[in-house]
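Colleague: Protein chains in written order, with our numbering: chain A, 1 to 563; chain B, 1 to 242.
It is worth saying that the hints were derived from the structure and are not from the lab.
Keep in mind that this is a model prediction, so the values were computed, not measured.
Some hints here could point you the wrong way.
Said to hold, decoys possible - Once the Cα atoms are required to be at most 27 Å apart in a straight line, the calculated DSSO-like pairs of lysine-lysine come out as:
id, chain 1, residue 1, chain 2, residue 2
1, B, Lys75, B, Lys92
2, A, Lys476, B, Lys172
3, B, Lys88, B, Lys67
4, A, Lys316, B, Lys114
5, B, Lys75, B, Lys224
6, A, Lys316, B, Lys75
7, B, Lys172, A, Lys316
8, B, Lys114, B, Lys10
9, A, Lys316, A, Lys113
10, A, Lys316, B, Lys193
11, B, Lys112, A, Lys476
12, A, Lys9, A, Lys31
13, B, Lys193, B, Lys181
14, B, Lys25, A, Lys316
15, A, Lys316, B, Lys181
16, B, Lys181, A, Lys476
17, A, Lys289, B, Lys25
18, A, Lys285, A, Lys113
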Amino acid sequence: MNDILTLLKPRIWPLTNRRLRRRSRCGSKLKLFFFASIGAIFWCAVFVVSLRILSYFRGIEEVGDILGYKLLSMILIVSFALLIFSSILTSLSKLYLSRDLMLVHAMPVPSYKIFIARWIDSTVESSWMVIIFTLPIFCAYGIVYHSGAFYYANTLMALVPLIVNASAISTLMVVIAVILIPATRLKSIFILLGILFFVVIYLAIRLSRPELLVDPEVFDTVMVYITSLQTPSSPFLPSTWAYDSIRAGLSGTFSDGLFHTALSWSFAATMVFFLVVVADAMYFKGFSKTQTAASRLFKNRLTDGQYFNFLPGPVKSFTVKEIKTFLRDQTQWSQLFLIAALVIIYIYNFKVLPLDKSPIKTVYLQNLLAFMNMGLALFVLTAFSARFAYPAVSLERQAFWLVKSSPLSLRSFLWIKFFIYYVPLLILSEILVITTNLLLQVTPFMMVLSTITVFLLVPGIVAMGIGFGAAYPDFKAENPTQTVTSFGGLIFMIVCAGYIALVIGVEAGPVYHLFMADIRGKSLTYATWAWILVSFVITFTISLLAITLPMRYGENRLSRLLI
Amino acid sequence: MIELTNLTKKYGDFLAVDNLNLTIKKGEVFGFIGPNGAGKTTTIKMIGGILEPTAGTVSIAGIDMQKQPQLAKSKIGFIPDRPYLYEKLTGKEFLKFTADLYGVPENVYAVKAKENLEMFSLADWSDELIESYSHGMKQRLIMSAALLHDPQVIVVDEPMVGLDPVAIVMVKDLLQRLARKGATVFMSTHTLKVAEDTCDRIGVINSGRLIAVGTTADLQREAKVTHADLEHVFLSLTNTAN
Chain A
1 MNDILTLLKP RIWPLTNRRL RRRSRCGSKL KLFFFASIGA IFWCAVFVVS
51 LRILSYFRGI EEVGDILGYK LLSMILIVSF ALLIFSSILT SLSKLYLSRD
101 LMLVHAMPVP SYKIFIARWI DSTVESSWMV IIFTLPIFCA YGIVYHSGAF
151 YYANTLMALV PLIVNASAIS TLMVVIAVIL IPATRLKSIF ILLGILFFVV
201 IYLAIRLSRP ELLVDPEVFD TVMVYITSLQ TPSSPFLPST WAYDSIRAGL
251 SGTFSDGLFH TALSWSFAAT MVFFLVVVAD AMYFKGFSKT QTAASRLFKN
301 RLTDGQYFNF LPGPVKSFTV KEIKTFLRDQ TQWSQLFLIA ALVIIYIYNF
351 KVLPLDKSPI KTVYLQNLLA FMNMGLALFV LTAFSARFAY PAVSLERQAF
401 WLVKSSPLSL RSFLWIKFFI YYVPLLILSE ILVITTNLLL QVTPFMMVLS
451 TITVFLLVPG IVAMGIGFGA AYPDFKAENP TQTVTSFGGL IFMIVCAGYI
501 ALVIGVEAGP VYHLFMADIR GKSLTYATWA WILVSFVITF TISLLAITLP
551 MRYGENRLSR LLI
Chain B
1 MIELTNLTKK YGDFLAVDNL NLTIKKGEVF GFIGPNGAGK TTTIKMIGGI
51 LEPTAGTVSI AGIDMQKQPQ LAKSKIGFIP DRPYLYEKLT GKEFLKFTAD
101 LYGVPENVYA VKAKENLEMF SLADWSDELI ESYSHGMKQR LIMSAALLHD
151 PQVIVVDEPM VGLDPVAIVM VKDLLQRLAR KGATVFMSTH TLKVAEDTCD
201 RIGVINSGRL IAVGTTADLQ REAKVTHADL EHVFLSLTNT AN
């Protein structure tokens with residue numbers, strides 16, 4: 001037991017050592033406050049929304065409780081699925097891919113103890129966020145159902161084995177799978193499968209048009225609906241045991257609650273015992289297999305660089321490197337699937353808009369939506385930039401010394417990065433806007449306006465991604481694509497949102513006048529023309545500044561960075 | 001070929017390199033030795049243009065690093081102590097990447113890449129991803145890439161770390177051969193035997209200050225020891241300085 005505690009200390013000590021870091025990093029208190037505030041706001045929002053939904057459900061006669069319990073069951077199933085997926089990835093990293101494993105395995109400690117310490121670490125890391133952000137929902141249930149102290153205590157007691165079961169099942173799968181497939185490849189495969197699974201579910205749910213469920217015309221009888229809600233979940237799922245236990249707590253039946261909680265605990269204990277036995281036999285073998293060199297999955301020669309011969313040497317070298325690195329990183333492929341799904345859903349949403357049922361005249365609504373769509377498409381672009389452009393500099397990782405020591409200025413390096421991401425993101429944004437406008441059957445004026453506005457704003461948003469990414473790089477991040485959740489990433493997203501809102505705000509008035517004049521066939525006054533001109537000049541100027549200032553800011557900060 | 005004038009680097013209040021003045025001639029192999037934290041890597045990074053000096057100048061082949069960094073860097077072949085590379089490229093692709101970056105013509109690249117890969121025993125691995133390379137292989141790949149553009153100055157930080165004995169002998173011979181052809185080599189090392197065998201002159205740095213420069217014989221005189229190897233000379237010099 002002492003060995004396991006010792007092995008866990010490198011994870012615990014950094015938490016207590018925070019005070020040492022605070023002394024050396026002056027902005028850290030502000031950052032901590034910033035992130036804590038965002039977390040608290042989100043937590044409160046989940047609580048308030050849950051409270052309102054559950055109060056509403058309880059107010060519905062006959063089916064109110066059924067809806068409330070169905071929601072609880074769904075929350076537990078989704079949480080369990082999230083815990084499983086999160087545990088697979090975390091346990092793979094913690095048990096097989098962490099950089100310190102070589103050091104730990106060189107120590108005179110049996111491998112099963114290393115396994116247990118790592119598994120505890122993995123369980124905590126993979127579950128804390130799911131638990132913290134589902135707690136407000138369970139609190140809301142307790143308040144709405146007027147439950148006593150037993151409910152809260154029992155809920156906590158039911159959640160702990162749910163986490164342990166999810167983590168144990170996932171880790172068991174990982175320990176066995178690593179014997180068959182190398183851990184590095186396995187991680188990519190799991191991420192790919194997980195994302196594909198999510199994409200399929202997401203597409204299936206959206207394309208089944210769930211909004212029709214609230215349309216009474218499509219329902220033959222209320223009874224069919226109620227019967228479908230009452231279908232029980234599988235009795236073999238740990239989430240079902242947690243559900244039965246929490247539900248019993250809500251209705252105040254102690255014996256039922258304790259029985260289901262005890263059932264969960266007994267399964268968790270059995271799983272942990274079984275896991276340790278399997279790990280004792282297989283963990284070290286799997287770890288040894290992970291140490292062997294990875295071979296290439298595909299040996300393609302599609303991107304040998306011959307298509308980029310027209311570019312100057314340094315530009316070509318970075319362009320080719322960037323494309324190859326992107327295509328060979330399997331974790332990037334899954335992101336592409338996700339983006340494809342988001343784009344399909346985005347466009348599909350416009351296709352199924354019930355414009356004809358709206359009391360507002362269709363032509364106004366179509367063009368109003370088209371105008372709002374510009375903003376929405378640009379927010380989608382911001383999300384893509386956050387995923388691709390922002391981490392572009394950090395993706396150089398510790399090989400950044402190559403850039404610093406090469407005969408290429410940092411400015412050129414950043415502009416190369418800019419153009420690599422600008423071209424595909426521009427094409428994507430224009431496709432989004434033009435396709436949705438075609439589906440909305442907007443006027444030619446609105447089509448031209450949307451296309452030009454997006455054309456003007458895309459370089460600014462990409463430049464912000466590259467610029468802020470260069471200003472706040474993290475070359476040591478295990479996963480640079482996650483750097484957007486850092487302080488710099490948040491600044492990037494806030495500034496981007498402000499930029500889009502500002503441009504849309506500046507354009508709104510003139511666009512309304514132009515549109516109305518077009519519809520009514522009237523000519524504009526000189527004052528309106530002047531307003532339109534000023535708005536266009538302002539938009540153009542802001543867009544120019546949005547390109548140059550972040551790039552310069554990033555270059556200045558990056559040049560001062562010590563590597 | 002390399003000229004350091006009043007070169008100083010401060011990290012906050014900490015003085016890492018203190019007013020360093022040094023001139024290294026064309027065709028010379030210069031060794032830079034010193035205890036841990038003495039300022040060797042900081043100096044190397046400033047020579048390579050990776051780190052900006054707090055004061056003073058670095059001149060490479062008569063080109064001021066601060067005023068014309070790109071031109072100065074194009075004369076250097078930089079080899080760091082830790083071989084961080086683009087793991088998702090193959091060895092050959094990394095060489096092509098470097099060649100394009102330094103403007104090496106296609107025909108020259110083809111010949112030099114083949115030569116270097118064979119010289120550093122990487123030919124069989126050239127189509128494999130760098131992520132599958134060992135530490136020593138990555139180090140050899142960096143060396144072969146750094147020599148692709150025939151640099152006038154070679155800056156090496158701990159060249160022998162991770163190399164096997166055969167590669168160490170090969171690299172020592174290579175550096176001397178390049179120097180005979182007119183290249184200037186500036187290398188920092190902890191392996192005093194390597195410095196003794198390879199370098200024309202050696203500089204000893206301690207606490208950011210250059211405390212002695214010269215041939216091994218010069219350093220022996222400076223340390224007031226006779227018939228001692230470089231290890232004893234180094235210990236004597238650094239102990240006296242402390």
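Colleague: Any hints from earlier that this structure breaks? Give me their numbers in increasing order, please.
Modeller: Going through the list in order, the structure violates hints 2, 3, 5, 7, 8, 9, 10, 11, 14, 15, 16 and 17 and respects the others.
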